[in-house]
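Here the protein sequences line up with chains A and B, keeping their order.
If you're matching positions, the first sequence starts at 10 in the numbering used here and goes up one per residue.
If you're matching positions, the second sequence starts at 189 in the numbering used here and goes up one per residue.
Hints are supplied without guarantee of correctness; some may be wrong.
Simulated restraints, written as ranges between beta carbons of each label pair [stated by the list, open to error]: (1) B:L475 to A:V413: 45 to 53 Å; (2) B:D503 to A:D200: 22 to 30 Å; (3) B:T549 to A:T464: 28 to 36 Å; (4) A:N289 to B:L355: 31 to 39 Å; (5) B:L465 to A:K374: 37 to 45 Å; (6) B:N620 to A:I483: 31 to 39 Å; (7) A:T369 to B:P650: 54 to 62 Å; (8) A:G32 to B:N620: 24 to 32 Å; (9) B:I239 to A:T243: 37 to 45 Å; (10) A:D494 to B:I636: 45 to 53 Å; (11) B:P623 to A:Q57: 50 to 58 Å; (12) A:N198 to B:F644: 29 to 37 Å.
In case anyone wonders, no lab produced these hints; they're calculated from the structure.
Think of the CB as a built atom: it goes at the ideal place given N, C-alpha and C, for glycine as much as any other residue.
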Amino acid sequence: MDILTLFVVVPVITVFVLMFSKGIKQHRVVALIGFIIQTLMSFNLIYQYLHERAAGNKAIMVFTKDVMWFAPMNIHYSIGVDGISVLMILLTSIIVLTGIFISWKVDDLPKEFFISLIVLASGVFGFFISVDLFTMFVFYEIAVIPMFLLIGIWGSGPREYAAMKLTLMLMGASALLLVGILGVYFNSNADGGALTFNIFEISKVHIPVFAQKLFFPFLFVGFAVIGALFPFHTWSPDGHASAPTAVSMLHAGVLMKLGGYGIFRVAMYVMPEGAKYWANFFMVLAVIGVFYGALAAIKQKDLKYINAYSSVSHLGLVLLALLMMNEVAWKGAMLQSLSHGFITALFFAMIGIIYGRTHTRIVTKMSGLLNVIPVAGAIYVIAGMANLGLPGFSGFVAEMNIFVGAFQHTDLFHRVITILAVSSIVVTAVYILRVVGMMLMGATTPEFKNLPKITWYEKTGTFILILFIVLIGIFPFWWGGIISDSVVPFIKNLL
Amino acid sequence: MKLESMLLMRHELVLTVVVLILLIADIFVSEKNKKSVSYIAVGLFAIHTIIGFLPEKQGQLFGGMFVTNSLVYGFKNILNVGVLLILMSAVSWLNKKSLKYGKIGEFYALIFSSLLGMFFMISSRNFLMLYISLELSVLPVTALAAYDIYNRKSSEAGIKLILSSALSSGIFLFGISLLYASGGSLYYSELAGHIGHSYLSIAGLIMFFAGLAFKISLVPFHFWTADVYEGAPTPVSNYLSVISKASAVFILMITLFITLRELIDIWIPMLYGISILTMFIGNFFALRQQNMKRFLAFSSVAQAGFILMGMLSADNLAVSTVIYFMAIYIFSNIGAFGVVQVISLVSGKENIDDYNGLYRTNPMLSLTLMIALFSLAGIPPIAGFFGKFFLYTAAASKGYYVLVFIAVVNVTISLYYYLLVVRAAFLRKSDNPIPYFKSDFLTRAALIIVVIALFFLGLYSPFYEYIHSVTNIINI
C-alpha cells in the first residue's frame, strides 16, 4: 500500500474498529489513536516529500500512482501530491486531532459522532490526494454528507434547518461541478487523444476556447460555493452557528478550503482561457464577499456568527488572490488557506470552550471573562490578534503576500479592487477588538464569577493550534518555499 | 429444431418446472405445515437463480422470435436475484397473513408466472410474442396487488392496476398494429428496414411508447403508481417498482434502438421532454408525501426520468449505463421497501413521522434505510452514485448538457426528501419510537445482501465492465 492511499485506508480501519468498540472510553481512545496515527503519517509525508524534492525530483506531483478503475470511461484511481496538498493534509490531520480533543466530552451517541467525523476527514484527505476529476468528485461528496448528521444530531439552535440548508447548498454546488467536470471530460479529446478525467493530461490539451468560457463558471462556482463566494455564502454562517464545536472547526478550518484548492488545482489549471475571461467578474463578487463579510461580522452578537462572517471575509481574500493570477498572490492564497484553517479552528475551539462554561454565545451578555478564566481569555486574544493580521502570526504573512501580489497589477480596475480589499483589514480589527473589549475586559458579569478552569484536553487542543499559527508567522519562508515550488507549474500553465 | 436447442430457454423452462412443483406441493402439504410452502418456494427459486448463472449458450428459437445472448442472460439473472431478495423479505409477511387466509402457494405461483412473462418479454424479438408475454407478466401482478383481500385499499389497488394495465395494453397493441400496418412485419429486425416517416408509423410509435410508459410509470402516465404502491402489499409494490419497471425499460430500449431507429428524430425530443417532466413531477410530488410507500412511489417515478435521460445517447453507452443503473436501482429500492415492510409488519406504521427516533431503537435497520436512500439519491461511495454518474455521462456524450444540468438540479431536490426520512430516523427523538425488534432470519439476510451489493456494485468496477463488454447494439 502506498503512502497516500493509507490516508484513506486508515480512517476506514478506524471506523471499523470504532464500530466494534464498546463504551465511551473505548470510543474516545480508538478515535484518538486513529488520528494520532494520521497525524504522524502526515508529518512523515512532509518529511518524505522534502526528501524527494531534495533528491532532485522535479515532477509536478510526487508519489503518484495510477490504477485503472472503470476502463470503458477511462476513469482512473489516480493520486499524487505536491507541496500544497501535503500542507493541506497536515492542516486536516491537525484540526481533526484537536477536534477530537475538544469534543472529548460528547456523550450523546459518541461512537456515531467520531465515525462521522472520521468519514468526513477521509473524504477531505481523498480530495487532497486525487488528480483524477472523478475520484476527486467522489471524495468531495463523501466529505459533504457526514456534515448533515454532524450538525443535525449534535448541533444546537435551529440545527435541522442549518443541516438541511448546508447539505442542499453544497450538493447543489456539486451539481454545477458535475456539469463542469463532464464538460471538461468530453472536450479532453480536442487534440485527438482519448477522453480522460486526469487533470494533468487535460491541462496539456487545448480545450476549445468556447467550451472553456462555457464550463469555467460551472467549475468555479461549484468550488466557490464551498469556499463561501459572496452570493452563495449563506449556508456557512447558519451551518457554523448550529454545528458542534469540533465540526465548526473542521468545517471552517478544512472543508471550506476545498473550494480554493479546487479552483486552483482544477478550474484554473484545465481552463486557463476561461479563467482569464471570467476573472474580472468573479473578482467583483469576491471583493464584495471580503467587505460584506467583515461588515456583517460587526453587526453580529453571536460569537459563532461573528467568526462565520469573518471566515466569509477571509476566504473571499483567497478567491480574490486566486483571481489575481500571479505567483505571489497565489502563494498568498495558499498560505491564507493554511493560516485561516488554523486560526479559525482555534477561534471555534475557544468559542466552544467559553460556551461550555457560560452557556451563552451572545457577546453582550458576557463581560470581564479574562478575570475568571484567564488562560482561555488569553488564548482568545491570541486568536483575535492572529486573525486581524498581527505580524508574528500566520495571518500577517498570508495577507501580506496576497496584497503584494494584488498590487502587481497596475490598471485601475485591479487597483480599486485591491484597495477595497486592503481596507477590509480595518473592519476586521473593529469586530475583533469589539468582542475582546466587551467580552473579556471590564467588570465580570455576576453569574459568571465561578467558571471552571480550562481542562487538560482543551489546553492540548488549543496549544497545538497556536503552535502552528506561530510557526507559520515566524518561519514564513519555510512554508512559503514549499508552496511556491508547487505554485510555479500551475501559474506557468495559465500565463 | 433439435431438443437441445430448447436449452436456450433455460431460465423459462426451469421456472415453469418450479411453478408446477410448487402447485403440486401446495396440494400435498397439510394445513398445519402451510408455512413450509414458503420455504419450498424460496428454496426452489434459489436453485433456479443459481442455475441461471451456469455458462450460457447464445442463439435463437422459433424462427427468431426468441433470442438469447449474454446481455439477455445477464439481465435475467439480475431480475432473478432481485425477485429472490423480494421473496426472502416477503416470507415473514406472508406467513403472518396466511394464518388468516390459509393460502400461500398462490402468491408464489403468481409471482413466478409474472416473472416468466418478463423473461419471454426480454427475449422476444417479435411484437406479437412481446404482447403476449407482456400480458402474462401483468395479469398475475394485478391479482397479487389485491392479495390482501380483507384490506380495502389492497382491493382498490388491484382494480386500479388492472384497469390501467388493460387500458395501456390496449394502446400498446394498437400501436403495434399501426407499426405492422406501416412496415408489414412483426419481427423487430425486419420491421426496422421498412419503417419510414409516415404519419402511420409515427402514430404507431407514439401509441407503442405510451403503452410502455404506463408500465415504467413515466409522466403523464404515472397516475396509478402512488395509489397502487400504497394499497398493494409491500412485497408486491416492491416487485412492481423494480422488476416490472426494469423489464419494461429493457424492451423500450431495444425496440427504440433497433426497430424504430429510423424515427430517431421523433423519439429523441420525446424522450427528452418526458424525461424532464418525469423528474420534476416525480420529485415535486414526493416532497409532500407522508406515507413511506407513496413517497417511494413518487421517488421511483422520478428515477424513471433519469433512466430516459441515459437512453438519449442511443448507442452502446446508453444500453450499458441504463442496465447498470437498473441493476443498482433494483437493489436500492428493494432495500428501502424491505425496511418499510418489516417496520410496517411489526408496528403497522408507515408514515415518515413514525420513524422519528428510529436510529436509537433500531440502529441497523436505520442504517440500511439510509444506505438505500442515499443510493437512490446518488451519494458516493454507494452504488447509486456510479449509476447516476454514468447516466449523465451517456447523456453528455451526445452534448445534452442542459438536460444533465436539469437532472443534477433534480438530484438536489430529491436529496431533500430523502434527507427528510434520514432526518426523522437519525436527527429526531420521539416519545414513542418504534420499539426494538429483531426481524426474521431471511429478511435480515436479504437486507444484508442488499447493503453489501450497494457498496460492491459501485466500487467494484468489473461489474460495469462486464455489462459494457456484453453490450452490442447491433445484435442486442
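Hints breached by this structure: Checked against the structure, the hints that fail are numbers 4, 5, 6 and 9, while the rest are satisfied.
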